[in-house]
Amino acid sequence: MDYFEKLEKETKKLYDLAAKARSMGRDVHTEIEIPLAKDLAERVEGLVGPVGIAQRIKELESEMSREEAAFNIAAEIASADLKDSKEDEMTQRELMADQALRTALAILTEGVVAAPLEGIAKVKIKQNFDRTNYLAVYFAGPIRSAGGTAAALAVLIGDYIRWAIDLAPYKPTDTEIERYVEEVELYESEVTNLQYSPNPDEVRLAANNIPVEVTGEPTDQVEVSHRDLERVETNNIRGGALLAMVEGVIQKAPKVFKYAKKLNLEGWEWLEKFSKGPKSEKEKKGQDLVKADDTYIRDIIGGRPVLANPSEKGAFRLRYGRSRNTGLAAMGVSPATMELLEFLAVGTQMKIERPGKGNCVVPVDSIEGPLVKLKNGSVVKVSTVEQARTLKGKVDEILFLGDMLVAFGEFLRNNHVLLPAGWCTEWWVEKIAQSSQYDLKKDPLDLKSLENKSITAKEAFEISEKYEVPLHPDYTYFYHDLSWDDLNMLQDWIMGKKEDYQEGKEFKIAIAPQKRILEILGVPHILNDSQIIIDAHDAYALFKTLEKPLGEEKQSTLLALNKVSPVQIMAKAPTYIGTRVGRPEKTKERKMKPAPHSLFPISNFGGSRRNIVEAAKKGKISVEISRSKCTQCQISSFQSICPHCGSPTVITAPGKKKINLSGLLRKASENVGIRKIDEIKGVQGMISEEKFPEPLEKGILRAKNGVFVFKDATIRHDSTDLPLTHFTPREVGVSIEKLQELGYEKDCYGHELEHIDQIIEIKVQDVVISDNCAQYLIGVAGFIDDLLEKFYGLERFYQVKDKKDLVGQMVVGLAPHTSAGVLGRILGFTKAAACYAHPYFHSAKRRNCDSDEDSIMLLMDALLNFSKSYLPSSRGGSMDAPLVLSSRIDPEEIDDESHNIDAMASLPLEFFEKSTQYAKPSEVVHIMDNVQKRLGTAKQYQDIMFSHHTHSIHQGPRVCLYKLLPTMKEKVESQVELAEKIRAVDQKGVVEGVLSSHFLPDMMGNVRAFSRQKVRCTKCNKKYRRIPLTGECKCGGNLILSVSKGSVVKYLEISKNLANRYPINPYLMQRIEIQEFGINSLFESDKSKQSSLDVFL
Amino acid sequence: MSPDIIFKFANAGILVNEIAYEKISLYDDPLSLSSSLIADLSRNYNKKDLVIVTGDMVDKFLKENGNSPDEPVGGKVKTEIKLEPPSGILNSNLDTETLEKPGLGTFNENKILENIEETEDLKEDIISQNSDEVELILESVDDADFDFKILKDTSKKSYTSGNIKDIVSYFSSRYHKIRDFLKKRKDLSDYSPIADIYQSQDVVKIIGMVKEVRTTKNNHKIIELEDESGEISVLVHNENHKLFDKSETLVRDEVLGVVGSRKGNLIIASEIIHPGVPRVEEKKMDFSVVFISDVHIGSSTFLEDSFNKFIQWINGDFGSPEQREIAASVKYLVVAGDIVDGIGIYPHQDKELTIKDITLQYDEAARLFGQIRQNIKIIIAPGNHDASRVAEPQPAVPEEYAGALYKLKNLEFVSNPALVSLDGLKTLIYHGRSFDDMAMTVKGMSHEQSDLIMKELMEKRHIAPIYGERTPLASELEDHLVIDEIPHVLHTGHVHINSYKKYKGVHLINSGTFQSQTEFQKIYNIVPTCGEVPVLHQGVFKVLKF
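Order-wise, the sequence lines are chains A and B. The first sequence begins at 1 in full-length UniProt numbering and counts up by one. The second sequence begins at 1 in full-length UniProt numbering and counts up by one.
Possibly wrong hints are sitting among the right ones.
What the hints assert, rightly or not - In silico lysine to aspartate or glutamate, EDC-like type, Cα no more than 16 Å apart, as pairs:
1) LYS165(B) / GLU1084(A)
2) LYS1034(A) / GLU224(B)
3) LYS157(B) / GLU185(A)
4) LYS522(B) / GLU185(A)
Just so you know, these hints were derived from the structure itself, not from any lab.
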């Protein structure tokens, strides 16, 4: 059976069982509320409707591109015939236009994100002052999740609908236009920065010409001065509308214009004026992209160390290629580097200089590790985790951080020019293969094995001389990092002792200032009793390379060297990449604050812990809630089928009602046969519109199994997303037999599965969850089984005793700003704090792997417990809820970021050579193989190869030091210590950066916040903008500060400490002093200043 | 001139030997040089040390500073020794012309704008006229003649320790103080606590603090009022036009009285009563007071030239005879905050600073203010750019940073706000941070017309009523921001735009700035009024432009 059919069959089994359970009517509704969708068209229908539209989408898609189909659908829906109905023509038409816009937008956003539901508030037909009708689109805040292009297209769809139903263009008044100008400025000053800041004239141009009214709901409590306009309903900022106009239409003008032309839409020609402005700026940027770029360290945060300054010598070296756990913004680093730095664990985010802004770190052990100088003066290459662990305490300086493995796809995705590749064995091997002297047929060197074999220096020179290729990377040092003078000085020094050197023996030389040059050059050596000892191979390479002095002409060191060296010497590290540590990795169960076991409201009767057991002791309590009423016997209950007569019930309007909680709890306990539970946490009030509670039994069973519920009644576990295209049975902890059961038959080289170290290509919907996640899901499975058995009276389903029992179970993956879950299957486990899955799986959720995180839930839990009725009625309420479930992943129907995944087993020589010429990625894409080229073929699911091996996907630290150190003080200490150690980092810059971009702004912000803070009641949590004159809460509870003294002074001591210990800019020093004066003045009474002085010292 | 130099040093506790004195007096601007020298010395010596300035020290100082023109003090010292006459005075014809010019809309009453400009004419008379002026100054104001008192200053009186109790006591103090003003009003003498109004049927009178003001769907106003007994909503009907208009200026956290009738849980207001301002009696003045603010020394946009002209004028060395006459009568100079640009006030400020050291900024201020003749008393309050805490009331700038200014014997630091008496002229000095909130909250109010805001604040008897917005308020046990005593003058700054209004006998003065338009102001299209200095010339309001 085909993989997808297998998944679907298993899924069907769960749907059937869940349908049976829900049909008993013990839940809020009798049906499962997550429709299953096989493809994009079905997803769109499931997400926004209308019913039956999937068929039509499929028809149109077969005839035209998806974008064109979307526009056509919009026109068709909006201009359909009117029905006989009570509603007048205009209202009907408005509703149709509304539906049309949502459906088309859903198609354009792959039917995943919540924007079509939440980003558009409504569509209205309004009147111009010349009495013609026009279309107005009301945007809401969540339009942000659609992305700029989709937001812009929403406006364009609006215009297409307008045209289809024959309305006039929107004619704005001057005040309305100025209102937009004001709002854009206000939004940037009061709310947040826009990705693109348009000048007032640009806003005027757009506002004046967009043929539909781009308006929306108020999103922020900021009022404008262009108030009370007749056609603008609110005096507050319309955030959604601004995003659609600025980050949409204006920022994406060229794209929008392209579509408008394609669709023959008139009245968008003015967009051409935008197409030039911002783009030329970008082109300018393109030219100096090769210069050091310090964007990623403009902000330095306490505890997140800078690992390398921009393009600094000794930073990460650019190495091209993809390993089985990189791509989609995850990049490889030697696990030895990770172990040494301690701040990098599997899945830790790094902010990087280029390409792109950030990545996630994953271990790849086939690339170069770091080079360190020990306290005893020796210089050592570190290549394994074990070695790094033993050396860690002895390191004096990290001379070089090692490689960063970056896939070509990352450059393609960011449209970043290629940068010169580091000189590496795979390139060297390609050079030999292409050499005219080399007989490829006979392959005397066995090139395949040569790539990973270490060879002697002598052999290296022989090969180079014989085949006219540059010297092997192992014996190519960082010559280009030396100045001409330094290299000459080194040459002098070594050659001066030539008589002490014997070929094939190690070379000893008395310590001299030139040792530093040797260190920077990266030649490993031992220091013993003032004797520098260089091993036989490195000595051979040095004597051979430097046999002649450099020519008199002072030029680039490498050029000068190549004039005299017997073989060609390549630039070992022509591209250094600067980085700093970003967000730490994460894998943790999702808990709301406070974390409930049940969505059952108990107001304040359960104390601050919201304990239902506690509240039940009060007997009857009064809470805002709704009940359901039997359609037959009128008896009220909390079930969808009347427990008394078995007829369907309807939910009644919510209101303040008295409920007998103690009775309800007793009965629920009896139902599930559980008595002694001390704490079952409920919620203060329901935030859904209906305010219909969950059955108490579910809360009891969740409490029993130690799991917590999320706002939509599902149970979630969150992890950092990481990509994985291949795995070994050993690392994911699954037996060969189990794998065969799951449909794995061969390894990626076509061999039968025999042993647990074979490399197997992962199936696209299989996921490798963290051990922590597995542990939690065992609890969830226990809860589901209890629920099936004791609440629904069915058989236990999961019967999980051990995490191994979870293998093969179906899960739902869901990302925060989306509303469509993706079906997954548990394949195995990782010790890393992350969720490894096929890049398609992450992309289907609209995530990439630069430290995005999202959730996993057990499919049965979602089917049994999820209900739309629990979702918050507020805007954005249906985000992060599984409104529909995609059962199979088609790479053509997911975010096209995943199409940039490299699929090659090796990189061609031409690629390496093009990289040294700063070629654009589009110039070389034809010689590369990636997913894009395989779309629509069987190869899109298989044989996606990788170029660099790694032994295990969870080598190196699993928790980064940031999370291990308890206090900010210690984090910063370690950060500064690390800055001291790494050659590529400027320690003073780090200290100043932390102070000026983190601690000082934080302190200033908190001082200000302290002096205008709200107060909060400890009992009922009510907030007061200003303390009431009575000094207490209406409920009689105690009021406390919402900004504590602690949060104001928390960084003061560390800042002073740093300022005293390191030579920082006096400007910063004084800023700290002034802050201290201000803080003391706020917290210390002048009366007691003398006596309490020592508290602050 | 000689006594001035000796005086200067003596006041700073520094002695000068004869050679040094001669060297200094040879310079074209010996006073400025002296100030710089004092500032320099005070940085290097302990106050208690006995310091005698020798000729060598002067040479060394000149060499050090002359060689590095970037130093704020260096640029002023001319190496060429030459006695130069003062630059010039105003042509009398031009003068009358300016007087006849219609004023800039900013000034509503008593507005006289005088342009002080350099001219090339009439240089011959200068020297003689100049010496006359000096005599005139010495005649008009006697050195020991200051009747200066600090009536209210919160520096070193911050008793809060930042606890919730302190916040309770802060607002309670505000309520009690203003309630006591309101209680004295005839129509509120029989007010009752909010909790008690349910007993009365007809007319209710309450005094409360505003919790919230909002507009209903039908466009009426609802004011939520509270006192220590409870809270209630007050409705202002939109057909009661006069009252409704009045309610438009209400802001959160002010204290006011309401007379009205109770309907269930609602009071229908018939009257809203502010604590208000009784008309004050005109204060007779035989002297003049100069008001400035927002000098922003240390910023690259500080208008040093016009400030220098200002100093020359105040010293009697500059301007038309009439203007010099005004200068001669000046006895007090009040500075309402932001004397320096400060450091770290906004992100990347260092890029817009010419002096990146807060102490050096105050040193430079000391050099400039130190040139002002000794018989003018200078009073300085901090603003949001100064080295103080941000929360109001702000204590005076500490000596730690402004040591050089503290050395000037004729200079006093006060808190923000502060109430001082200048020969009986009660002046309330407030920087003006709360204008930001008032302009944001109240319809029709703007930074350009801070006089309207000042009038409103006087009516409310509180200098910064709105809590929780831009103005940080320290929870002092007593609310020092209540206007306890009606001053003769309310002097503010902050908005960089001059304004003036005489309201019920009180001079409401905003003194503009000596900083040209900043990048920030450019973006928001704020046009500052630069170098326009208000003067109360023997009781008459005038503005001089530098």
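Margin query: Hint check: LYS165(B) vs GLU1084(A), CA-CA at most 16 Å. Holds or violated?
Written below: 14 Å, holds
Notebook entry, point to check: Does the alpha-carbon distance linking LYS157(B) and GLU185(A) stay inside the 16 Å limit?
Noted result: Outside the cut-off at roughly 41 Å; violated.
Note to self: Tell me if the straight-line CA distance from LYS522(B) to GLU185(A) falls inside 16 Å.
What the structure shows: 13 Å, holds
Item checked: Pair hint outcome, LYS1034(A) versus GLU224(B) [Cα-Cα no greater than 16 Å] -> Holds, at roughly 15 Å.
The structure fails hint 3 only (numbered hints given earlier).
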